[in-house]
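Q: Now for the letters of each chain:
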Amino acid sequence: MKKIGGKSFIIVLSLLFCACFTFSTSFAADVIKLGVAGAHSGDLASYGLPSVKAAELVVKNVNAAGGIDGKKVVLLIEDDACKPELGSNVATKLLSEGADVVMGHICSGSTKAALPLYKEASIICMSPSATNPPLTQSGDYPNFYRTIASDDAQARLEVDYALNVLKVKKIAVIHDKGDYGKGLAEFAKQFIESSGVKGQVVLYEGVTPGAVDYSAVVQKIKRSGAEAVIFGGYHPEASKIVMQMRKKRMKMYFISDDGVKDDTFIKVAGKYAEGVYATGPMDTSKNPMAIKATKEHQEAYGSDPGAFFLNAYAATQALLNAIDKSGSTDYKALSNALKTEWVETTLGKIKFDDKGDAIGIGFAMYQVQDGVYVEVSK
Amino acid sequence: MHGLSPFFYKVISLRAAGDGKEIIRHTMDYFLELFLGGLTRGSIYALIALGYTMVYGIIELINFAHGEIYMIGAFTALIVISVLTMMGMNTIAIIVIAGFIAVVYSCAYGYTVEKIAYKPLRNAPRLSALISAIGMSLFLQNYVLLAQTSDFLPFPNLIPNFTFMEPYAHIISSAEVVILITTTAVMILLTILIKFTRIGKAMRATSQDRDMARLVGIDVDRVISVTFVVGSATAAIGGVLIASHIGMINFYIGFIAGIKAFVAAVLGGIGSIPGAVLGSFVLGWTESFATGYISSDYEDVFAFVFLVLILIFRPAGILGRTEKHSI
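Residue numbers (the working numbering), protein chains in the order written: chain Z, 1 to 378; chain H, 1001 to 1327.
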């Protein structure tokens, strides 16, 4: 066992060496190798396969237009089944095959397992779907980018909107004690507190989902003097709380998440839903590029695209654009291009921030106006 | 917190008379708001707990399907309201007709549930009837889930905002006042029914000794049926009022409300009509004050700790009879 372990370590090392060697010489080669990693088999394959199709379609278009600087793009497709242990194997394999950049992985766990290897080899990795906040925020992986908003982006948007657009200072943060709601509420609380003098959490409470009424919590919100309520949770509790607030003549802002950006909320809360803010995924259905990509998918594969297709399409576009703009696959030049060059993608016009999260994608703020959610953040 | 507050008032009022008064006023307002909030919540529980406690008083069965009858009452009312609104009737007619149909329909359900699930088990061990009750509860929940929908449905606000209530609207809403009054009225009517009518006398007799009651010529089966019908009627009234106050219903509301109402009935002394109401208010206040002064994260914890304490010192509940039962 020990012997085999030692051997494979040597193999990995030599592969890494080869990878580095390939990397430094790759630009001289006549193709650009784009690694595509993710779950292409197993029970999470439905998350990964659309990203392969997205990459195939983008590459087909790029190659049909003559490639990048005359070089054709080729795909190296590897399956990690969303398993962390396979994630690092796939990374090793892609590096050994000389991938210049990697689009993937799909799940946060396997992405995290693969990232140290890419980092070692100075390879850029861009995920269309890994939402775990620390992947970018920890700063451990400067080579990591993503075209999906991280889990805390909603909380960030809610807090920013409350503090900067609505200009409120006192905020009550309420949640439903569930993983999703409480997670968001914790982020919101943290962001408000770290905003310095701008904002203040005057109340932080969890409510019992399904309780017959929330009048005590509503009175507590009123007493706290909050100018806005940020609620983390789903629409049944949100509508009960909003209705009781409005019935008690409390007119403060109510801001919530995509669990509330649901038409059922408006249906149930009726006139009391008016003016409620909720964050939700940005509407890409009117983006011409997204429409075109979806159409390409239908023509090529005869079906509608699956999950994260548009994110993967955008990631591939962003990577190839950076290679085109920087004229190389050099790590520094690519990083620079990703962070400075705006690129038109299926998710809209994007570039990346210092930590690797995409600017210009993710969540938008919506408000209920005349019984429908209307985007207000732009 | 409670114990400390009067001390604080004194200190504050001594230091700065003007500001102090302001603070006292705010603190008192808050106390009053929580008190009224607890009272409304308590009366919601009470409307359901009354049915629980009546059935238990007569046949010593915890009718778990009672919460479901409440839910069916609310759904029936919603369907009737939707139809009548489409026909363009005026609001008061809609309230009366919807309430009436909901009561009749729920009574029919209560009657049928008793005949199907409990009557065949009348002489079986009490545990069998209890399991039958839980089964009935699950059956009715899933029946409504399949027949209607799993989504929350909006329930129209039937109780208008009275203009004379407007100055107090920030403290207590018109709907809450109506619920309070209805609860009190239902409690008084039930007490009169049991204390002063023939069927009430028969109920009391059945509750004391079923075999003896039968021997003196009381139709025990009929008495039990009437109990279920009356219990279901109160649940239906509760269903309509509470759904209208909260503004939404789904198939699951009966279960949660039922559990809390059951706790309230036990707290007040199961089998006792005033006890159910008192227990419900005590539970409502406990939850409201625990939320208001400590944290809503522990709302249920405080409610159940309080229940445990009451049951340690008064095992039969606040107003429960402590004498031993023959069974």
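Be careful, since some hints might not be right.
On the chain H side, residues computed to face chain Z include the following (Cβ under 8 Å) [unchecked claim]: (1) F1035; (2) G1037; (3) R1041; (4) E1060; (5) P1154; (6) A1169.
No wet-lab data here; the hints were simulated from the structure. Backbone N, C-alpha and C define an ideal beta-carbon position, used for all residues, glycine too.
Q: Now look at each hint and say whether the structure bears it out.
A: Verification of the hints:
1. Look at H:F1035: its Cβ only gets to about 10 Å from chain Z, farther than 8 Å, so that hint breaks.
2. With its C-beta approaching chain Z no nearer than about 4 Å, H:G1037 sits inside the 8 Å limit, and its interface hint holds.
3. Hint on H:R1041 holds. Least Cβ distance to chain Z is approximately 6 Å, under the 8 Å limit.
4. For the restraint placing H:E1060 at the interface with chain Z, the shortest Cβ-Cβ distance is roughly 27 Å, beyond the 8 Å limit, so the hint is violated.
5. Residue-level restraint check for H:P1154 holds (minimum Cβ-Cβ distance to chain Z is 5 Å; threshold 8 Å).
6. Interface hint status for H:A1169: upheld, as the beta-carbon distance to the closest one in chain Z is roughly 5 Å, under 8 Å.
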